[in-house]
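So you can see what is in the structure, the chains are spelled out below.
Protein chains: 2
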Amino acid sequence: MTIFRYSAEDAQLHEQCSFRVGIIPNTLNLGSRLHEIQQWIDANDIKFADLESGATQKSFEARIAALLGVEDCLFVISGAAACQIAVRIWAAQSGKREFGMHATSHMEFHEDKSYSMLHALRAVWVGSYDRPLSSSDLEVLADEISCLVVELPCRHVGGNVLPTMEEIRALRQIALTRQIKLHLDGARLWVCRPQLQTNFADVVNCFDSSYVSFSKEVGAMGGGMLAGSRKFVTSGRVWANRQGIAGDRHPAVLLDAMRCFEGTFMNFDNFVMHAREVARLLKASTFCLVVPEIPNTNMFRAYFPVSVGRMMAARARLALQAKQWVGTWFAAADMPEYCYTEIVISLDALRLEPQAIADAFRRLSQIADEA
Amino acid sequence: MTIFRYSAEDAQLHEQCSFRVGIIPNTLNLGSRLHEIQQWIDANDIKFADLESGATQKSFEARIAALLGVEDCLFVISGAAACQIAVRIWAAQSGKREFGMHATSHMEFHEDKSYSMLHALRAVWVGSYDRPLSSSDLEVLADEISCLVVELPCRHVGGNVLPTMEEIRALRQIALTRQIKLHLDGARLWVCRPQLQTNFADVVNCFDSSYVSFSKEVGAMGGGMLAGSRKFVTSGRVWANRQGIAGDRHPAVLLDAMRCFEGTFMNFDNFVMHAREVARLLKASTFCLVVPEIPNTNMFRAYFPVSVGRMMAARARLALQAKQWVGTWFAAADMPEYCYTEIVISLDALRLEPQAIADAFRRLSQIADEA
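Chains X and Z, in that order, give the protein sequences. Those letters in the first sequence? Residues 1 to 371, by this note's numbering. Those letters in the second sequence? Residues 1 to 371, by this note's numbering.
Since the hints were derived computationally from the structure, they do not count as laboratory data. Certain hints may be false.
If several chains are the same, the list does not tell them apart, and a pair holds so long as it fits within one copy or across any two.
Listed next, the in silico DSS-like pairs over lysine-lysine satisfying Cα-Cα at most 30 Å (straight line) [unchecked claim]:
1) Lys323 <-> Lys231
2) Lys96 <-> Lys58
3) Lys96 <-> Lys283
4) Lys231 <-> Lys113
5) Lys216 <-> Lys323
6) Lys58 <-> Lys216
7) Lys231 <-> Lys58
Quantities reported herein were computed from a predicted structural model and do not represent experimental measurements.
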């Protein structure tokens with residue numbers, strides 16, 4: 001399977017809107033993005049010698065390592081591959097081919113079973129479809145596993161996507177007792193802080209290895225970090241070369257990640273607060289249901305009593321009429337004739353008033369009703 | 001192992017030179033490169049809708065497929081990984097884990113045995129260290145193999161890096177008879193045409209699958225194509241997703257590859273002719289040996305009766321004194337107290353007169369002698 005992409009028609013409509021809520025494709029305004037990277041290179045006096053020798057990459061790796069409270073980091077250009085690599089390293093260390101993951105794991109759904117086809121690993125599902133992993137899930141697990149992959153937030157569980165820090169610490173204790181390594185798939189770790197009420201290092205220190213991303217909330221063209229002990233990252237570097245995802249050859253991706261990270265870093269918590277305010281306004285409305293009522297992160301679900309087809313047509317109409325583009329995609333809900341979308345607040349949507357965002361969804365709903 | 005990189009000191013010297021012969025790092029003048037991509041986007045009216053829907057990528061894939069005379073192509077961001085993928089596909093089809101490759105293969109030397117560690121494949125060395133693969137090498141091979149990887153040019157064999165088209169066709173015949181698939185690792189296929197005296201499609205059609213690159217001679221930031229039948233490319237797409245090297249997420253890398261390809265395409269043969277002229281002038285000199293006397297491609301070796309250390313020091317002096325930077329690296333030769341370098345002609349060096357290039361190497365040699 002490949003990544004989500006707008007059709008040419010939807011992309012065209014999306015581009016014509018100045019009001020946008022959702023995930024912004026990294027292909028949008030690519031020319032301006034390249035210009036901004038250029039300006040950033042000048043403003044930050046990024047030197048060819050440092051780029052070429054790897055010093056620029058090393059400095060960013062050190063910056064993120066310090067933030068996450070780990071010994072070392074490695075810049076890579078694929079998060080999917082990075083998480084496979086972490087599991088493979090723990091398998092090699094323990095001699096066990098089995099590892100645990102949540103039943104809704106990205107590794108299962110988006111990567112064509114790469115963990116098995118490439119790394120000859122076997123996955124055990126831990127926990128339940130409808131809630132994040134808990135310590136009791138690990139406690140009752142009968143299988144022997146090398147490591148457990150934990151997604152924070154656990155996006156696909158339906159809204160309540162984060163366990164408490166207490167739960168994470170309890171999971172850590174059980175993992176230590178059973179000699180199971182914990183890998184954090186923390187692509188969106190950046191927006192977990194308000195709910196977990198702690199700092200990034202405190203979360204990451206409950207894990208033996210971690211992955212964080214610079215696309216998604218950070219908004220870069222790509223790239224992420226594999227993080228952990230110096231020994232882990234040294235192994236990770238060899239595996240990244242084997243798998244073809246080493247960041248070394250992609251200076252533009254690196255600089256865009258650095259630029260976007262500095263530009264969003266101070267706003268991560270604001271994304272969440274903004275999402276909570278939008279959710280509060282939508283909850284007070286009658287045209288949709290909001291799950292969860294208080295978003296755990298900058299993302300929550302909104303359910304509409306409309307079919308996907310009508311909703312997609314309504315979105316196109318809203319784009320044409322009001323130059324407003326809302327929601328990245330719509331999918332069928334379990335309830336018949338209901339559809340849902342994920343509402344995501346990042347840099348673009350942060351600039352819009354919560355009331356304006358709620359109003360746009362109200363208008364969308366009205367258009368869908370009228371059709 | 002990671003890619004070749006200049007130290008910060010060498011990079012700084014390199015940057016100060018306006019006269020450059022060798023492989024130009026893609027980190028050099030990154031800001032201007034981004035600006036040129038931007039201008040290219042405008043000049044070619046590249047639309048967001050086409051980038052987002054994948055139409056731009058598809059059109060480039062179709063362009064290269066037509067040029068190579070294959071059914072389909074897939075844009076990927078790692079050539080090392082692309083060649084592993086080809087071998088894995090042929091292994092799956094044949095049910096055989098063993099494949100053949102030249103003893104100097106990139107797969108062996110630069111990728112930490114990824115074919116074995118990731119794909120659980122076993123490599124058989126075919127042919128001899130000191131010359132490219134020949135049909136007789138395959139003829140006498142006792143092992144059963146799924147496919148044979150053939151590098152064109154076979155860079156590491158010491159200078160004479162290309163077999164004849166007759167040899168390639170003979171190899172094809174034997175491979176067909178023995179039901180062995182042939183994979184072309186043609187990262188530098190672009191500069192093989194004058195020596196092989198035919199077109200790209202004629203070469204590629206002797207193989208079941210191919211890889212071509214847009215870095216190296218083409219000079220792009222990265223990216224390459226996996227090429228072959230529609231069925232092969234469909235499998236390749238799944239594997240590229242598994243391995244994390246799908247080009248989908250890297251629009252800037254794609255556009256830079258498109259831009260650089262159009263900018264160098266007409267010059268590939270000129271690179272070779274220019275290299276031959278430089279080699280002829282150097283051959284007439286007394287300060288170095290040239291291998292081969294008539295370069296097969298845009299790259300040949302020059303041997304100097306100087307140690308590596310003295311040569312590196314001389315290059316730094318030449319850069320300081322004359323703002324000339326020659327050769328990407330120097331390595332110890334088999335002959336004691338001799339070192340050698342690869343002289344590569346691509347876009348930057350094509351702008352310099354062959355005599356000026358030969359003179360620069362003479363000056364380098366003199367500085368090394370005086371030290």
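Now for the hints, and whether the structure bears them out:
{"no.": "1", "hint": "Lys323 <-> Lys231", "verdict": "neither (51 Å within a copy, 42 Å between copies)"}
{"no.": "2", "hint": "Lys96 <-> Lys58", "verdict": "neither (32 Å within a copy, 41 Å between copies)"}
{"no.": "3", "hint": "Lys96 <-> Lys283", "verdict": "neither (47 Å within a copy, 59 Å between copies)"}
{"no.": "4", "hint": "Lys231 <-> Lys113", "verdict": "both (27 Å within a copy, 20 Å between copies)"}
{"no.": "5", "hint": "Lys216 <-> Lys323", "verdict": "within (23 Å within a copy, 44 Å between copies)"}
{"no.": "6", "hint": "Lys58 <-> Lys216", "verdict": "both (22 Å within a copy, 25 Å between copies)"}
{"no.": "7", "hint": "Lys231 <-> Lys58", "verdict": "within (16 Å within a copy, 41 Å between copies)"}
Comparing the model with each numbered hint stated earlier shows that hints 1, 2 and 3 do not hold.
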